[in-house]
Amino acid sequence: MPIPLIGFLLVAPALAIVLLLFIVPLISSITGAFDVGGTFGFGNFIKSFELYSSDMVFTLVIVLLSSALIGLFSIMIGGYLTLGSNPTAVSILRWVYRWPLFIPFIVVGQVLRTFLAKNGLMNNIFIEAGIMTPMAAMSFLDWRGIVTAFVWKQTPFVTLLLAGAMASIDRSTIEAARNLGAKRIRILIEIVLPQVRQTLLVGLILSFVTMMSVLSVPLMINAQSPTMITANMAFRINAHGDYGVANALGLISLLMTSVAAIIYLRQTMREHAR
Amino acid sequence: MSVQLDWKWIPRGIGLGILAFIIFGPLVNLLLWAVAERWYFPHVLPLKYGFSFWTSVFSPRGNAMGSLATSVLIAVLTVVVSLGLAIPAGYALARLKLPFRGLILLALLIPQAFPNLPVYVNIARIFYQYGLNGTIFGVVLVHVTHGLVYAVWIATAAFSAIDRELEEAARSMGASALRGFWDVTLPIAAPGLLASAIFVFLESLDEFTGTYFVGAPDVTTLPLLLYTASSGGNYQIASITALILLVPSIAFMFVVEKFLRSDVLSKVGH
Amino acid sequence: MKAKFIAATLATGLFCTPLAAAEITVLTAGDQNMVDYVNEYLGPLFEKENPGAKVRVVGTGPGDAGSQKILERFEAQSKAGVAKWDADVAVVHEKFVGPMVEQKFLDSYRSKIPSGSMVTRENAKMALGTNVDGYVMPMFNSQTALAYNPALVPNPPKSYDELVEFVKKNPKQFGYNGIKGGASGVSFVMGWIYAYGGGDAQKLMNGPFEEGQEKNWDKAFASLKEFSRNATMTPGNAGTLDMLSRGEIAIGPVWVDMFYSWKAKGQLPPEMKLVLPSPGMPGQPMHYVIPAKSPNADLAQKFVALATSPKVQAEGIVKRFNWYPGIDAQHVQANLDKETWQQLFTDISPEELAKYGKPFPIAPYNKAILEAYERQVSN
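As you go down the protein sequences, you meet chains A, B and C in turn.
Mapping of the first sequence onto the working numbering: residues 1 to 274, in sequence order.
Mapping of the second sequence onto the working numbering: residues 1 to 270, in sequence order.
Mapping of the third sequence onto the working numbering: residues 1 to 379, in sequence order.
Honestly, the hints are just simulated from the structure, not real lab data.
Just so you know, these numbers come straight off a predicted model, no measurement behind them.
We treat Cβ as the ideally placed atom computed from N, Cα and C, and that holds for glycine.
Just so you know, not all the hints are guaranteed correct.
Said to hold, decoys possible - Residues on chain B that point at chain A, a partial pick, calculated with CB under 10 Å: (1) Trp33; (2) Gly131; (3) Phe137; (4) Ser160; (5) Ser196.
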């Protein structure tokens, strides 16, 4: 059997499930996006841009910023887990960082809403501890709240992947560099990161995609203008029964994530071809 | 020696302390709401603690334990099916020369990338047509469609990170292709695969919209209750439900780690 | 033991077809307390009166999103051509009844149950401009009003005009949830248009719909935009109550039913009060509906008959929740002591309710107002 055929057979079952159970139902959503009163047209997209262009930019900025922070924090945590010299500190860190992973998004929205509010638990703790005066208390329930929620929930996800990948790289080069007196931060950037780059990117892309499609966090933390695309989709459907614009927004969101995914894929393609 | 150690613990302690505050601060909120009977301004902490909301969650008609068992069963089946599909697919995508490789990976991403809200009506319709509605199998299929992206993408990354020469060495020693895969490639890729198992498990355990459209009313899971309570602002019920859901999540993680440490990591060195 | 349990769950899940006529399924939009209401009160009562019958309930979530999910479920089954649907009774918001009737998803059952004749209110016949007479029985009527903390607002604004003054003097003390986070904010906006919309508010409520009304609202929206600068924006219906409970805002529009539930759960200070400002804010009923393809139509009718009987409306809706009953007041009042009945009107008197409790605008105006808000206020 030729190799591409074997490959295709191995991929086929997974692909079939996604095609039959998601992409087929999606087709009528996609055609619905171009359906304006029964005829083909771009009316839904025009309306989407008229009403929600600032929300699209907002969404993209929020998700990109969150992804960058997630990447940074997961490298820091993963790096310390791999290169940390004190076993006690490493095991404390390993025990601490994971918890948000187990909290569903909707609960993340709920706990952060009551935590980050002006009179929420965080400010109250600071005030009780004397770090802050009641007058200085402010609410973080705007774009900062959304970013916090995303970073809080998704950093452990990427870290878990990254730490796993870091743990399985060859220790000998690290030890060699260490014996030559290289600083840990340099080892992390120059030796460890290049070897786990692909895992990091996969983790970030998956986070990016997840964040783009989460509804409960923007709804519970900040559903005002500007807000995220998913909140507008929910609004179009629930308040107007308007699937046309909702589908158009979904398609725009899909295009945004596809661009991110394609950039990544092109890069791995090049590596794959080697 | 000990003096030096103490000195180094200062930045370490501060760093870990800040991290712990960030991680556990919001979780303390969750714990407090789970036992709060009355809590409002200007009181910094709950006015009255109690377990009356626990009784209502665990009331016999609420069937919380039954829903929990169903949720866990669905999550485990979802992991098994997803990994069963993802391991061959990931291997092929990482190792074999496939046409349209990028397109296939992209297609698998779509269930996560298109916000699902307007699609569920169509999904439900298809499931009704095939008589899959109200069955555990139907719910597992819906969760698998969403879990596959994690499983396949991570499996692909895990397999492509492995040095090809290792496998070729095994084959040159006379092992069959399948044997080489089983003895050499799979164990090395295992940490990544198991991490993806955790994500698929959690994804399934947190999902409610798909479960409502495809499973309810015959199949009810705990997140359905969680969703209603949390989005209605019923913090007590939502917090309690979230705490209950923590148990299987952490147990699953524990099992996976145990398996990882004893079995797989020992093989990696060889 | 465990394996056996799993096997049993699996078996029921995989092979269970809906049981014979003994089990009815109730889908309910709304908060967790709607699910609890059926589970703890209505279900056991019904099972006692109909031996052998079982009630199971599925909550679909609060707000419009919850009702939308029920509508979508009906749509999916209708398009798939399912002969017997998997729901017998549904509880949905007023707004979603119209589309359900228009798409012929529902059974006209009101004349078949005894309590059917005990409903004479207009909103049981028309739902936002669609004739739904016969297809619905109101479970309860709800109303939006301004909730306030008397400690922070000793003299609450009694009208929209006074509220505008209040907000000028006390910036950020008033909070509402815009239009994307649930209907309490929507209701506040509708009330604003009734008050300052320039046109005839009656026409917005009763029709007929005319294109081009939007221009009349420009001034109202401009002033609302100005007003909103000094208001706090809250995340959702529950978000307004949430901020009230933490004292971050002092006054804001809420659903009266949610307000009482939050109080009962200990999430709001007991001193909190309500005021219904003139010229009025909208309210709406939650309706019981029965799908035309319900597998147990007889039992379903019995269930709704029980749920809307004077006794249950008195004990379940008024006494338990402090909600306004669905059927006409005189039938319910007879079943209650005076004190419990009066409790309904602690903050808002029956006269005020009659005068300032408005319906929502008919569906096409509703959409036009929301869209105009999006273009002119939030953009």
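Against the structure, the hints come out as follows:
no., hint, in the structure
1, Trp33, "holds, 7 Å"
2, Gly131, "violated, 14 Å"
3, Phe137, "violated, 12 Å"
4, Ser160, "holds, 7 Å"
5, Ser196, "holds, 8 Å"
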